Structure formats: C-alpha cells, structure tokens
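J.: As a plain string of letters, each chain reads:
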Amino acid sequence: MSTETTPATAGAQRPTTVKPVVQPGDRIFAGLAKGAGILILVVLAGVAAFLVAEAAPAFTAPATDIPGGAGFVAYVVPLIFGTLLAAVIALVIATPLAVAVALFITHYAPRRIAQALGYVVDLLAAVPSIVYGLWGAWTLAPATVPLMRWLEANLGFIPLFAGPVSATGRTMLVAGVVLAVMILPIITAVAREVFLQTPRLHEEAALALGATRWEMIRMAVLPFGRSGIISGAMLGLGRALGETMAVAIVLSVSGGITFNLIGNGNPSTIAANIALQFPEASGLGVNVLIASGLVLFLITLAVNSLARYIVNRRREFSGAN
Amino acid sequence: MTVDITKSPERVTAPSPQRRGLARRAQLPRWAVPGGLAASAAVVGLVLALVGFSTGLFVVGTVVLFTAGLYVASRIVEGSRKATDRLVTVIVTSAFGLAVIPLISVICTVVSEGLARFDVEFFSSSMRGVVGEGGGAYHAIVGTLIITGLAALMSIPVGLLTAVYLVEYGKGRLARAITFFVDVMTGIPSIVAGLFAVALFTYLVGPGARFGFAGSVALSVLMIPIVVRATEEMLKIVPNELREAALALGVPKWRVILKVVIPTSIAGIASGITLAIARVIGETAPLLVAVGLTTAMNVNAFDGRMATLPVFSYLSYATPGVPREPYLERAWTAALVLIIIVMVLNLLARLIARVFAPKTR
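In the order they appear, the protein sequences are chains A and S. Using our numbering, count along the first sequence one by one with no gaps and you end on 321. Using our numbering, count along the second sequence one by one with no gaps and you end on 1361.
It should be emphasised that the hints constitute simulated quantities derived from the structure, not laboratory data. All figures in this text were calculated on a predicted structure; none of them were measured in a lab. Heads up, a few of these hints could be off.
As the list claims (entries may be wrong) - To spell it out: a stretch of chain S is covered by chain A in this simulated footprint if at least three of its residues, at any positions, have a beta carbon under 8 Å from a beta carbon of chain A; those stretches are:
no., region
1, 1029–1035
2, 1288–1297
3, 1312–1321
Stated by the list, open to error - Chain S regions said to be covered by chain A (calculated; three or more residues, Cβ under 8 Å):
no., region
4, 1117–1129
5, 1182–1190
6, 1246–1259
7, 1336–1343
What the hints assert, rightly or not - Residues from chain A that face chain S, not an exhaustive set, calculated with beta carbons under 8 Å:
no., residue
8, 25
9, 34
10, 110
11, 112
12, 150
13, 152
14, 155
15, 157
16, 258
17, 259
18, 280
19, 293
20, 301
21, 310
Every residue gets a Cβ at the ideal spot worked out from N, C-alpha and C, and that includes glycine.
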C-alpha cells in the first residue's frame, strides 16, 4: 500500500498487478480475527505467568513451613510418583485395548454399523469425570476386591500385588482401571483415524497375495498407523496425568511411595491432591498447591508436545504416500 | 471361496486342477463359530452351576474356552495361519465388548442409584436449610447453566474468530504459533485451569475470592481450544471454489467469510460448539477450586460462591452429613441429571450436524 516503506516489492509489482481494494470492513474483520488469535496466546501466557507468580512463595518459603515439614521437593515427589504410576497403569491397560477396538471398528465390524459403534465409543468420552469417579468407588472398587484377592494369592510374589488387599477396593489398580476407561476413547479415536487412512492399495495388495485378514493388518495397517498409535497413547497419557476427580474419589490416599497396587496405602496424584486439599487450604498452603499444579502443567505440557511432535512429523511424511 | 463351490456342485465335478487345489483346502464349517460359542457357554454354565454361579466368571470362562477351542480346531483343520487369524478376530471382537462394558455399567449404576431422588422436589428446591432428607439441586442446575453459559459466551466468539484467522488469514509465524499453542491448551489439565482462575482472581480481587465468573474463566480456558479445533476443521472443508466464485464477483473478503464460508459450514460449527459445551459442563475440578459450593440459590456470577451440579454431586458424596443416605442419593441424582444433560447435548450435536448439513446437490 505505502510505496515509500516497501519500495522494492511495491515497485516490482506495480506494472503487473492492480492494487487490491481494501475496505475498512475488511481491515476491521481481519483485525478482529487476528486479535482473537493473539488473545489466545495472551491467555496461555497469563496461565503460565499467574501460576508462576502464585507458586513462587512455595519455592522460597522455609522448608519447615511446607506441609510435611521437609520442603517443597519432598512434598511433591510422592505426588509425582503417584501421578505417573496411575497414568502408566491406565496406559498399559488402555493402549492395547484401544488399538483392538479401533481395529474392530475399522476392519472387523460390518461396514453398516461401524459408524454407530464408533459413536458408542465416543460416548465413553462424553461421560463426565465425576460420574466415572462415583462409578469407580461405588461399583468397580467393591467388584474388583475378589479379583485382587486372587492376584494377591497367586501373583503375590510380584511386588505389584504384594497386598494385603484393601477391603474397600479403593486401590491404585482400580484408579488405573478407571483412568484407562477414560482415556480409551481418546486413543481409539486417534488410532481409528490413522487406520482409516491406510492406503487402500496396500491392504488390497496384501490380501491379493493371499494374506489373511490379520496378516494384512500386521503388514499394511499397523506399520502405517504406528506413529498414530504412539501419539494417541501420548495424548491419553496427558489426559490421565491431569485427571482429577475420578482419582480423588476412587483412591484412598495415605501418602508414601509404594509399588503395591492393591494395598491400603496409596500415594496420591498431584491433581487429586489439589482437589482434596484446596477447599481447606489457606495462606502458604494455597501457594504450595498451586506450585504442585505448575509441576503438573509442565509434565503434561512435555507429554502433549511430544505427542503433537510425533503427529506432525507423521503428517509431513504421509503426503508422500 | 469354498462356500461358492459347495453351493454349486457342478463346479466341483468339473474341476480345473488349480481350482481343486484351493477347494480341497479344508475349512471349518460356517456353524463352527456360533456352535462353538453355544457349546462353550453350555459347558462353562454347567461347571459353574456345580461350583457356584457368577455372571462375570461365566462370560470370561465362555470366551476363554471358546477362543481356545476355536484356535485348536482351526489349527488342526485349517492350518496355523488361519488359526491365528481366527484368534485375532475373537480377541479384537471381545476387546470391543470389553470396552462397552464400562459404559453400560456406568449408565446402569447411575440410573439405578439416581432414580430414587429423580423427583419434582429435586428440580424445584435448593439445599437451603435442608439437613438430611429432602432438598434438591435447583440452585446447582441454575448455577451450572449460568457458569457454562458465561463460559460459552466468552469462548465461542474468541474460538470462532481464531479459527477464521487460522484458516482464512493466517500465514507465517504467528499462525503457526497460535496453532501450536491451541494444541498445548487442549492438553491443559482441568484442575490447572481452575488454579489459573484462582491465581488470576487472587491477584485481581484478593485471596479467598470464590465466585461464578472465576469458574467461567476456568471453563473458557478449557473450551476455547475445543471450539477452535472444531471450527477450523469445518472451515477447512469448505470448497475453495465457493470462496473464489464470491471473490471473483467482487465481494470483499470479510463478506465472503460471513456470507459464504460460515453459512456453508454452520452445521458442523454448531455441532462442534455443542460438543464443546457438553465437554465442559461436566467439569468438576476447576469449579471446585474456583467457585466452591453454597446451599442457597445465587444467580449473581460476580458475587459469592455458586452451586454447580458436578461440585454438588462430588461434595454430597465425599462429605455427607448424618444420616448419609439422603446425601448419597442426591449425589447420584445430580450425576444422573448431569449425564442426561451431556447425552442430550451429544445427541443434539449429531442431530444438528445431520439436519443442517449443506445440501451437496
């Protein structure tokens, strides 16, 4: 527009192109849209800034003032451990199941009802987390006590199932199962998406060479969808790490780091600990909880960025197929 | 393949050598799968009838026995490759069954526990002055609607405009940064969004401030990226020809967007926004830390704590009074109402997408 400021480009274009008419409406609308985009960046920066600002007192306070009396690191490490443990259990259970469900919907179910079955799995994602929490504590936990007794009796030599079994069933294992149910639809959705993108010709070529359906899936579908499965699992992991209410309701907490999944004393998770402690917290206690929330934010940020990185890398390469 | 051949016997009697080679490859009969399933169900049922029956063991035992039997039979008759194929088919199918069990169990539990208090009083009275029996969640339902409504009011314009920017205007570093950070935002744990609202309003108002609008801000942080993603997907699939045709007629770009692009994709956008509302309406954690709970009706989102359905349900369950039963019943009914709202919103979204979809021909 202004020839003085950008003489090179404007001068080069002048002979061939007509200067486009930019109406004020155009400028206002484009500005609004751009402003909304920038607002999102501001909000995210605000999230980080306010969390850091409110968390700072917890980092600088003397160790004896932090709950537990041994400083912030000692306070948060068992919580990080619990968070990771619950999320990893959920991931170990949910990923193979989600891949199988995605395969069922894309390659096994009758074509006509496949979409409806996809909706059913999506409904799992729609159920609010509070409902999963109530269900986990009320229905699932008592129902799994016999199973955990069996695990203790037969697999008790593995430290994971050392017991003694919690009588209420509100254990780390059950919390992991509830989380697995919650992240299953996320992983399934991503896996389903990539399985559907498998080049049709690869599949047909495998079948034409005499492969059975499973051999076709193993040779054509799974290699193509591997990065999708990985990134879906990472997204699920991010969700499981940050899930609050289900864990807060299901898990009966008594601190301490332990790998015993079926016992009474379970480490809490960061998110559940915040939900349980926040209503009664005051003063420095609030700052400590916000600081632990900041730690959670950073962990999920790392996991999600990694997942997105894998997805995007795949997107670049898949254009060649 | 063998099915063809058995159905037309003349082909078998007039064979070409190669075809016979394939046809002779043995295969389990078609009734093997349903028959085997019925047989293993019968066997497991009988065994369990002797040692004590339980539905869970019955289903698991039947599936295990059936899978093992089918695998062995297929391995003997059809060979190992076919057997593996059948094994995987059974595993994949039962995986789907396994995934649906929690959904059914959740719905059954919530409905059976929640129906006890699914009555007029629950929808018409608050918890003001209620100890023990009676009372309801009218105040919580209103609070949920107000807070979610405010969150939607903030998120929808921002989300829509951002998506328009990304699809129609965005180029270069800013657009890439926004795309990346919207992805980052999708991954923010809901409790962290709640803490953000608390930290923000601690800074603005002072410590200990709990009010509805803080909850709306927290929910917006969760909702904006969902709206952006959904809208972006929908805007991207609007065919470029439509934009070019309008631009060629001399329509300014912003009118093209408002009159052509958005109307074409409005069904998908509305459906995506409905799903986004359904996603945040059940959020508990941010509202627990940022809004708290009251027993009385409060319609002013800027002053004092408000009750919301998820928090009402959680606190009734986690910190019941004495006797416990009425509190637990109210918690379950609140969960039931919540699940109904979410399911209705989900159905509505599908309906919108289907009914208002642009006519392609």
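J.: Does each hint fit the structure? Answer for all of them.
T.: Evaluation of the provided hints:
1. 1029–1035: violated (count 0)
2. 1288–1297: Per the Cβ count (3), the hint holds.
3. 1312–1321: holds (count 4)
4. 1117–1129: violated (count 0)
5. 1182–1190: holds (count 9)
6. 1246–1259: As far as the region 1246–1259 of chain S goes, the hint holds, because 6 residues have Cβ atoms under 8 Å from chain A.
7. 1336–1343: holds (count 4)
8. 25: holds (5 Å)
9. 34: holds (5 Å)
10. 110: violated (12 Å)
11. 112: Constraint on residue 112 (chain A) not satisfied, violated at 16 Å.
12. 150: violated (11 Å)
13. 152: violated (18 Å)
14. 155: violated (17 Å)
15. 157: Violated. Min distance 24 Å.
16. 258: violated (24 Å)
17. 259: With a minimum Cβ separation of about 24 Å from chain S (threshold 8 Å), the hint on residue 259 (chain A) is violated.
18. 280: violated (11 Å)
19. 293: holds (4 Å)
20. 301: holds (6 Å)
21. 310: Hint on residue 310 (chain A): violated, closest Cβ of chain S at ~12 Å, above 8 Å.
Checked against the numbered hints given earlier, this structure breaks hints 1, 4, 10, 11, 12, 13, 14, 15, 16, 17, 18, 21; the rest are met.
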